[in-house]
Amino acid sequence: MLEKIRAELPELSISEVSYPERGYHLAMDAGREQILKVVGFFDKNGFYLEDLFCVDYVEYLELVYFFNNHCGLFRVKTVVRLEPDKPTAPTISDIYAIAHWYEREIHEFFGVYFENHPNLAYLFLHDGLDSYPLRKGTVKVPEEDRKLLGSGAYKESEDTFFVNLGPQHPSTHGVLRVVIKMDGEYILSAEPMLGYLHRMHEKMAENRNYAQFLPNPGRMDYLSALNFNLAYVETVEKISGIIVPERAQYIRTITCELNRISSHLLWLGAFLADLGGLTPFLYAFDDRENILDILEGVTGSRLTYSYFRFGGLFNDVDEKFADGTRAFLERMWKRLDIYDQLITKNVIFINRTKGVGILERDMVRKFGCSGPVIRGSGVPFDMRKLEPYAAYQHTDFEIPVAQNGDILDRYMIRVKEIETSLRIIGSALEKLPAGPFNAEKVPKKLKPPKGDVYHTVESPRGQLGVYLVSDGSETPHRMRWRVPSYSNLMTFPFLAQGVLIADAVAILGSLDLVIPEIDR
Amino acid sequence: MKTLIEFYPVFIFLLVSFGFTVAPMVIAFLIAPRTSGAKTLNTYECGADPFGGAWIRYASVYYIYALIFIAFDVDVLYLFPLAVSYTRGGNAYEFYSLLVFIALLALAVIYAWGKGVFTWKRKIL
Amino acid sequence: MIDQIIDIIGVLNIRVAIGLANVLGLITISAMVLTWAERKVAGHMQRRIAAKEVGPFGLIQPVADVIKLLGKEMLTPADVEKPLYYLGPILIFVPVLVSFVVIPFDARLQVMDVNVGILVILAFSSLSVLSILIAGWGSNNKYSLIGSIRSVAQNIAYEIPLLLSLLAVVFMSNSLSMKEIVEAQNDVWYVFKQPIAFLIFFIACVAETNRTPFDLPEGESELVAGYHTEYSGMRFALFFLAEYTSMLIVSAVATTLFLGGYKGPVLPGVVWFLGKTYFLVFLMLWFRWTFPRVRFDQLLNFSWKILMPLSFLNLIATGALLKL
Amino acid sequence: MGKRSFYLETKDPIIKFAMLEKVLDLARANSLWPLQFGLACCAIEMMSTAMARFDMDRFGAGIFRSTPRQADLMIVSGTVTKKMAPLLVTLYEQMPSPKWVLAMGNCAISGGPFVYEGQYNVVEGVDLLVPVDVYVPGCPPRPEGLLEGLMKLEEKITGTRRFPTPEKRW
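Residue numbers (my numbering), protein chains in the order written: chain A, 1 to 520; chain B, 1 to 125; chain C, 1 to 324; chain D, 1 to 170.
Worth flagging that the hints you see were computed from the coordinates, not collected in a lab.
Given the structure is predicted, the values throughout are model-derived calculations rather than measurements.
Mixed in with the good hints, there may be bad ones.
As the list claims (entries may be wrong) - Covered by chain A, per the in silico footprint, the following chain C stretches (three or more residues, Cβ under 8 Å):
(1) 36–47
(2) 221–230
(3) 291–297
By construction, the Cβ of each residue, glycine as well, lies at the ideal position given by its N, Cα and C atoms.
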């Protein structure tokens with residue numbers, strides 16, 4: 001692969017990078033002119049745009065493009081330098097559709113202008129702001145750009161009308177607002193409006209030291225707080241080279257899988273409530289309460305955990321946890337066929353979900369989706385297999401994949417993933433080694449060496465990536481969270497086009513969105 | 001021949017039901033506190049301000065359904081007298097007239113079915 | 001002494017007065033019982049105890065709800081069509097109450113034995129859809145508009161199977177009066193002679209009263225609260241009340257036509273009648289907590305493509321069998 | 001956001017006498033219909049309070065109405081951002097008159113973990129926007145905490161408490 005890139009793009013300075021320390025294979029410096037050629041090359045070779053964001057190094061701004069491949073793991077970092085006063089860059093939203101939103105986000109947080117971008121309006125922030133928040137110094141927003149902020153005027157046309165599937169709506173779990181243009185019962189176009197729960201996690205990361213930021217990942221995605229915790233902790237361990245003992249690895253795997261099951265169960269209930277059936281919600285929460293009891297015994301909290309520490313865990317796991325988990329495993333296997341009878345064999349459920357909201361394979365690459373959404377369309381892309389972390393390489397499990405990518409397949413995959421997680425927990429529980437649960441000498445005031453690192457973890461919604469730039473001080477210079485729901489949501493306007501409103505609500509439910517994760 | 005007067009219980013029930021609905025509303029009007037905020041009387045649309053009113057030309061896909069319904073409902077009324085005076089055994093022409101009538105009625109549904117009225121395809125622009 | 005009073009007031013007037021008191025009492029009590037039953041049935045089906053703290057078994061919970069709704073402010077949004085908005089909740093309750101005139105609770109417990117009883121009920125049952133349309137259009141809210149247009153389409157789709165399955169019974173009983181239909185079911189109930197017609201009739205009834213799995217007009221997960229989105233306080237309570245009373249009426253008609261009304265071996269007629277009616281109402285409550293909601297075109301196609309041909313065949317089969 | 005941006009005056013009903021108000025308040029306390037309005041992590045705890053194990057419906061508060069027109073109680077469960085603030089105020093105003101607000105979680109009480117100098121997007125406390133009746137601290141508060149908040153609200157409405165408060169041991 002490297003020779004092909006060298007052959008194709010000779011004039012770029014390409015440097016080989018050791019994957020175990022830095023998390024990516026190749027680093028490339030492209031100028032503002034060549035970036036379109038580079039992106040075109042990667043698009044031709046089947047790469048997807050994993051992440052696109054900006055880092056502010058005060059003297060210059062750095063646009064970072066991450067490319068990766070769904071089939072084989074080969075992560076390439078491409079960097080474009082921009083001067084800080086009036087940064088402009090060419091847009092790539094016509095090549096990769098997800099870039100449309102990434103570029104709008106960079107524009108409102110850093111003030112980078114993208115030429116011929118279709119709609120460079122604000123996505124997250126409200127209009128009352130007069131400076132670019134994530135820039136190091138305070139950089140005023142120039143006056144004539146304030147008019148750019150208006151997020152699209154919606155004018156009534158002849159017989160179509162606009163409806164707010166608004167922040168307070170039973171089917172948008174949380175505060176997602178979708179403005180739908182409807183013609184009778186059909187939806188012509190849907191445009192999500194985000195930012196109603198933007199809680200400034202990335203800005204907070206820049207003025208807190210590493211230990212103080214520990215509770216934040218848990219609040220980013222509260223349904224699978226442990227996976228987000230794991231992503232943050234493992235990134236810091238990777239950059240500062242801390243070795244985690246074997247026992248802590250296994251306990252991390254078990255607790256993360258338990259958290260994954262509880263997240264899938266909550267999704268199951270909420271998805272069925274979108275389709276009108278209210279009883280599965282109560283049954284799913286019944287099992288979820290069991291998991292919360294087990295995890296509460298160990299971590300101390302029910303929902304927003306911060307149980308992992310750099311180099312290990314907060315406290316060890318006692319025998320009660322192991323027995324509780326084993327009891328839960330048996331009970332859950334029996335409960336799964338209750339769900340089977342109540343939901344999977346329900347004729348109305350099948351008619352509502354079969355052949356609805358089909359996501360083709362190539363559309364998945366354009367949006368860079370991940371998780372059950374992409375595995376529903378036939379691509380076996382799972383971080384636990386591609387980049388094994390914690391103790392996943394010691395446990396054998398296979399990834400459930402379905403072929404035709406409609407809502408029923410995404411539902412079946414999530415149910416099968418619950419079974420896979422049960423198997424992982426079972427095998428990890430037997431192989432749980434004794435020994436210390438914390439690395440020895442981890443300094444209180446962690447000062448990782450200068451440099452950057454990229455680390456990914458498989459959250460229940462998909463591929464979760466953390467890009468950390470450390471300048472040797474106590475506080476991170478820049479921390480970027482690549483969240484799966486952000487790209488999964490981007491497929492909604494295309495899936496919901498020309499579909500009945502009842503199907504659009506079902507599609508929205510099948511994407512399993514968690515809004516604070518999107519708004520960060 | 002029963003004149004309309006004979007059905008006066010029905011009218012009494014109408015009046016009483018009218019009273020039965022208006023009375024609680026009057027009570028509620030009297031004993032409920034009142035507030036008025038800036039946006040209290042705006043139409044509700046998930047918290048956001050609605051884009052334009054809701055009195056628009058609503059492209060009703062069900063117009064064709066209404067046409068078939070009218071064709072049906074009027075004809076079914078013919079079956080009522082036939083049903084009441086349907087004699088057991090004896091002359092079979094009543095059954096044949098019923099058969100022919102229903103066959104003609106079914107034609108409307110079959111025609112609509114063939115024309116694809118009942119399949120709602122996805123509208124890709 | 002009694003007979004002077006009778007011929008002063010006239011037998012029919014007394015019958016109407018008693019009938020009126022009986023019906024109003026039944027409606028208020030049944031509304032309370034049904035709200036309580038819905039929450040309790042929902043609770044126990046979902047493995048939880050519902051409404052336990054207020055009164056012995058949560059029995060006073062519906063009373064608390066009604067009094068709270070009485071004490072609630074009735075907001076009238078600004079850009080709403082005032083006459084239509086006010087008429088909506090009133091008009092929805094009128095037809096439901098009036099159809100109690102012809103329902104035979106017992107051999108002699110019937111307000112008025114109209115000889116075209118079924119037509120009266122059908123006429124008034126299609127009136128309640130009109131009020132939903134008025135309420136939806138009047139409240140000038142996009143969600144209510146979609147909800148009310150859906151309820152009209154749903155109602156006309158399920159009117160025809162209702163009529164045709166009704167006709168199958170009239171073919172057997174050769175009379176439209178409710179009392180005679182019940183008398184005709186003396187030896188064997190029509191549900192055994194006409195199983196398919198009963199099935200179609202019951203499905204169409206569930207659709208007429210907008211209950212799950214056909215509760216699209218107020219599908220709360222899509223249209224927030226469907227046609228009664230803009231209604232608050234007592235007006236919303238009337239929609240709530242009308243839905244439960246129409247559930248009662250619809251199952252009362254089903255019992256009269258198919259389950260032999262007040263016919264029953266030992267117990268008095270009224271107990272049999274109310275027992276069967278409330279069993280059918282329990283079935284509707286059961287549906288609500290097991291089925292998800294049907295999509296709208298599936299709902300229409302289910303009626304036009306499946307229920308209607310089925311009721312045609314059933315009618316022809318009845319006609320043929322009666323001739324042999 | 002400064003002082004509360006509006007003053008919502010509540011006019012008294014036409015007929016008002018002590019006995020009627022007592023009965024109405026008792027009925028209102030026993031059937032508080034919350035608005036289906038979950039913002040963030042506290043919404044998940046609110047959901048598990050409404051579910052089988054903790055079951056808010058025992059106190060008549062189980063019916064979650066999705067439109068503000070039919071809700072009595074607005075449970076603000078999560079962080080209120082500056083973009084969400086005007087919409088929250090609209091929802092509060094659209095609720096009919098005897099209405100209460102329960103601020104659930106530290107974010108709703110005072111902005112919670114997201115308050116630091118130079119923060120640009122979180123409203124520090126929902127009582128800057130709407131008059132709050134009961135505060136339930138916690139991040140997120142346990143379902144028992146929310147139920148206790150409900151009891152406190154019922155005590156505020158009727159003056160009498162449903163269950164005796166657990167005696168204080170220290």
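- Task: Confirm or reject the coverage of the stretch 36–47 of chain C by chain A under the rule of 3 or more residues with a beta carbon closer than 8 Å to the chain's beta carbons.
- Result: Coverage by chain A holds for the stretch 36–47 of chain C (4 residues, Cβ < 8 Å).
- Quick check: the stretch 221–230 of chain C, covered by chain A? Criterion 3+ residues, Cβ under 8 Å. With 4 residues in contact (Cβ-Cβ under 8 Å with chain A), the coverage given for the stretch 221–230 of chain C holds.
- Query: Counting residues of the stretch 291–297 of chain C whose CB is closer than 8 Å to a CB in chain A, do you get three or more?
  - Reply: Since three or more residues must qualify, the claim that chain A covers the stretch 291–297 of chain C holds, with 7 doing so at under 8 Å.
In summary, this structure violates none of the numbered hints.
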